[in-house]
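Novice: All chains, full assembly: derive it from the sequences and hints.
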Amino acid sequence: MKLQMHSIHFDADRKLTDFIQKKADKLDTYFDRIIDGEVFMRLDKNEKNENKIVEIKMNVPGKTLFAKHQSDSFEAATDEAIEALRRQIKKFKEKVVLAKQ
Numbered sequence: 020m021k022l023q024m025h026s027i028h029f030d031a032d033r034k035l036t037d038f039i040q041k042k043a044d045k046l047d048t049y050f051d052r053i054i055d056g057e058v059f060m061r062l063d064k065n066e067k068n069e070n071k072i073v074e075i076k077m078n079v080p081g082k083t084l085f086a087k088h089q090s091d092s093f094e095a096a097t098d099e100a101i102e103a104l105r106r107q108i109k110k111f112k113e114k115v116v117l118a119k120q
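Convert by adding 19 to the 1-based position in the sequence shown; the result is the number in the numbering used here.
Mixed in with the good hints there might be a few duds.
As the list claims (entries may be wrong) - Think about it this way: if two alpha-carbon atoms lie no more than 27 Å apart in a straight line, the pair counts; the simulated DSSO-like pairs of lysine-lysine are:
{"no.": "1", "residue 1": "K119", "residue 2": "K82"}
{"no.": "2", "residue 1": "K42", "residue 2": "K87"}
{"no.": "3", "residue 1": "K109", "residue 2": "K21"}
Simulated from the structure, these hints should not be mistaken for lab results.
Specialist: Written out as structure tokens, the structure is:
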């Protein structure tokens, strides 16, 4: 799946973008008609540890799915956001299947 990566207030290294791409590619196993997606990685300006935010938008036919999570690492935030998208994709797929019946 084609993902656009945006890092805000920092430069994301290749290892992080590859990690996010690999996680997002697993969503194809739940729904194979995902068109594309956008990932925003943002460093929050506050002083607490959980200042890394990952926002993911996925475009599926007729709808845009969105998940945002904040954690102390981009990897953990990505895992949570991907899990939220997985649930949304499964729910969306059930609705599509029911609409076709």
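Novice: Hint by hint, note whether the structure agrees.
Specialist: We went through each hint and held it up to the structure:
{"no.": "1", "hint": "K119 to K82", "verdict": "16 Å, holds"}
{"no.": "2", "hint": "K42 to K87", "verdict": "15 Å, holds"}
{"no.": "3", "hint": "K109 to K21", "verdict": "20 Å, holds"}
When held up to the earlier numbered hints, the structure conflicts with none and fits them all.
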